[in-house]
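Student: Sequence:
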Amino acid sequence: MPETATTSYWIDSAPAPAPAAPPVLPREAEVVVLGGGISGLTTAHLLARAGRSVVVIEAGRIAEGVSGHTTAKITSQHNLVYADLVDGFGRERARAYGESQQAALEWIAERVAELDVDCGFRRRDNHVYAEDRAYLDRLRREADAAAALGLPAEFTAETELPFPVAGAVRFRAQGQFHPRRWLLRLAEEITEAGGTVLENVRALRLGLPDESVVHTTAGTIRARDVVVATHYPVFDRGLYFARLEPKRSLLLAGPAPQDAPRGMYIAADTGHSIRTTPGDGGEVLLLGGEGYHPGEDDDVTARFHRLTAWGQARLGAAAFPHRWATQDNSTADRIPYIGRYHPLSRHLWVAAGYGLWGMTNGTLAGMVLSDLILGKDNPWAGLYDPARPTVRRSAPGVARLGAKTGRHYLGDYPRAFAPGDRIAGLEPGEGVVTHVGRRPVAAYRAPDGEVTAVSAVCTHLGCLVAFNDAEKTWDCPCHGSRFGTDGSVRHGPATKPLPPVELDPPPATDQPPATDQPPATDQPPATDQPPATDQPPATDQPSATD
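Just so we're aligned: the sequence shown equals residues 256 to 801 in this note's numbering.
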């Protein structure tokens with residue numbers, strides 16, 4: 256296995272058109288959509304078809320972010336969720352959740368047919384299974400709850416998997432497709448309807464107090480409505496940093512064995528995800544698993560090895576030429592945030608917290624947000640409202656996330672300032688968080704022996720990053736931002752890179768200065784700007800409109 260994960264199968268098998276000329280940012284539009292994944296493009300597509308002038312701003316390339324690194328299952332079956340929703344929120348809210356997810360699936364199916372998109376859309380049964388018999392009661396309870404809500408659910412002990420299972424919950428006639436081919440076509444539809452799609456332009460901040468102004472790396476644009484569909488909200492308003500928990504998982508793709516299952520599967524007990532997709536040389540097997548919190552595992556390479564070994568032993572796979580990782584965020588109550596960015600927003604919108612089920616949730620976000628922007632009633636808007644009354648029930652989960660962030664602040668800084676020169680001992684391909692004089696530093700030694708050093712202080716809210724040995728990135732354990740070894744932003748919520756650090760002169764002291772201590776609280780910065788230096792930001796309060 257190579258040291259670094261390769262490109263996502265979806266991206267490798269559907270190259271994007273050559274980059275357009277340097278972007279020209281319009282001065283204004285009716286709607287600005289930040290994010291060129293499934294949420295942003297679906298929203299923009301629906302608004303452009305309704306006659307609104309729309310500008311999509313994507314920090315990288317269209318559908319190369321999380322939407323290009325997914326398992327791409329289009330299903331209303333989100334692991335074992337419906338029995339918990341009934342218990343926690345009542346039958347009607349649980350029914351609305353299932354209806355909305357099924358509606359998103361059917362919307363995709365109808366649009367694929369209407370637009371005649373060659374994206375490999377196929378109907379497939381989806382399954383949540385377990386090998387551990389201790390899960391049998393939960394599986395039966397989930398099947399009963401989902402069926403009672405009107406979903407196409409049933410319990411079964413028979414599957415296509417090449418190994419026995421204790422049981423499974425089957426949802427009939429769900430969907431799967433090639434997500435990148437679908438999204439590239441949606442981007443074409445947006446431009447054909449008069450919209451604008453800009454790539455390699457990063458949103459930096461909103462105006463204060465005027466949230467209709469977006470400052471970007473290509474200039475400033477004003478809009479009536481602004482949609483933040485950046486996966487993790489990049490503006491620290493609404494306290495999303497305290498309400499979303501990032502999780503990273505690994506994926507493999509390779510030639511499917513002859514007896515590979517043709518349905519879609521996820522294990523309730525181990526988390527392994529299995530599906531196939533048509534490829535140029537035959538069926539391709541996609542295997543996912545090994546979930547972990549970004550920045551909290553110093554041996555991600557071992558996770559890739561374990562997942563590969565599992566696929567070979569349990570599914571008979573010969574090899575996995577494609578290896579990559581993906582990331583998503585979960586809410587404490589398991590229901591995404593889709594709606595107004597914060598309670599006093601009138602024209603600032605957000606979509607986030609899909610809990611690993613982005614194909615239906617991202618599509619649903621486009622359906623809900625476009626209705627709200629167009630002034631239409633949407634039957635599911637209240638369920639997904641970020642300010643919904645049931646959010647209060649998630650207070651224990653929010654407290655847990657805050658405690659985890661506090662542990663990192665209190666534990667990671669002292670470790671970075673431990674005595675000793677840890678840079679000199681780096682082997683090629685290794686990275687370490689240490690200190691140079693009075694500064695926390697993230698140092699990486701390239702295969703050619705050259706050492707690159709950047710600030711180890713995340714430019715979002717000041718946690719210290721950690722080294723991801725498989726992907727050669729610096730990952731923030733607090734809120735999931737990721738950076739290249741050169742400090743460039745790979746994944747938000749951070750919008751500014753880690754600044755470079757000069758390694759000479761050598762450290763003057765082994766003690767951290769008082770100003771390099773982490774903030775006393777986990778408050779957002781006063782504006783949407785990251786800290787002006789590589790020090791952790793001073794504490795502040797959210798804006799008055801929160």
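Just so you know, these hints were derived from the structure itself, not from any lab. Small disclaimer: the values here were computed from a predicted structure and weren't measured. Backbone N, C-alpha and C fix where the C-beta goes; we use that ideal spot for every residue, glycine too. Some hints here could point you the wrong way.
Lysine-lysine pairs mimicking DSS-like chemistry, simulated, CA-CA at most 27 Å apart [unchecked claim]:
#1 727 x 502
#2 751 x 727
#3 751 x 502
So the derived label-pair ranges between C-beta atoms look like this [to be verified]:
#4 601 x 370: 47 to 53 Å
#5 675 x 421: 49 to 55 Å
#6 277 x 538: 36 to 42 Å
#7 369 x 419: 18 to 24 Å
#8 553 x 758: 18 to 24 Å
#9 673 x 536: 32 to 38 Å
#10 306 x 758: 55 to 61 Å
#11 412 x 526: 40 to 46 Å
#12 705 x 601: 46 to 52 Å
#13 564 x 389: 20 to 26 Å
Student: Given the range 36 to 42 Å, decide if the beta-carbon distance of residue 277 to residue 538 lies inside it.
Tutor: 41 Å, holds
Student: Starting from residue 751, check that the Cα of residue 502 is at most 27 Å away, please.
Tutor: Roughly 21 Å separates the two Cα atoms, so the pair holds.
Student: Looking only at beta-carbon atoms, does the pair residue 564, residue 389 fall within the given range of 20 to 26 Å?
Tutor: 24 Å, holds
Student: With 40 to 46 Å as the target window, see if residue 412 and residue 526 comply at their CB atoms.
Tutor: 21 Å, violated
Student: Tell me if the beta carbons of residue 369 and residue 419 are separated by a distance inside 18 to 24 Å.
Tutor: With Cβ atoms ~42 Å apart, the hint is violated.
Student: Would you check the hint for residue 727 and residue 502, treating anything up to 27 Å between C-alpha atoms as holding?
Tutor: With a Cα-Cα distance of about 18 Å, the restraint between residue 727 and residue 502 holds, given a limit of 27 Å.
Student: Okay, residue 601 versus residue 370 on CB: inside 47 to 53 Å?
Tutor: 33 Å, violated
Student: Does the Cβ distance between residue 675 and residue 421 fall inside 49 to 55 Å?
Tutor: Given range 49 to 55 Å: holds, Cβ gap about 50 Å.
Student: Is residue 751 within 27 Å of residue 727, Cα to Cα?
Tutor: Distance of about 19 Å is within 27 Å: holds.
Student: For residue 673 and residue 536, compare the CB-CB distance with the range 32 to 38 Å and indicate the outcome.
Tutor: 51 Å, violated
Student: Could you check the hint for me, namely that residue 705 and residue 601 are 46 to 52 Å apart, CB to CB?
Tutor: 51 Å, holds
Student: Mind checking the hinted window 18 to 24 Å against the Cβ distance between residue 553 and residue 758?
Tutor: At roughly 22 Å between Cβ atoms, residue 758 and residue 553 fall inside 18 to 24 Å, so the hint holds.
The structure is inconsistent with the numbered hints 4, 7, 9, 11, although it conforms to all the rest.
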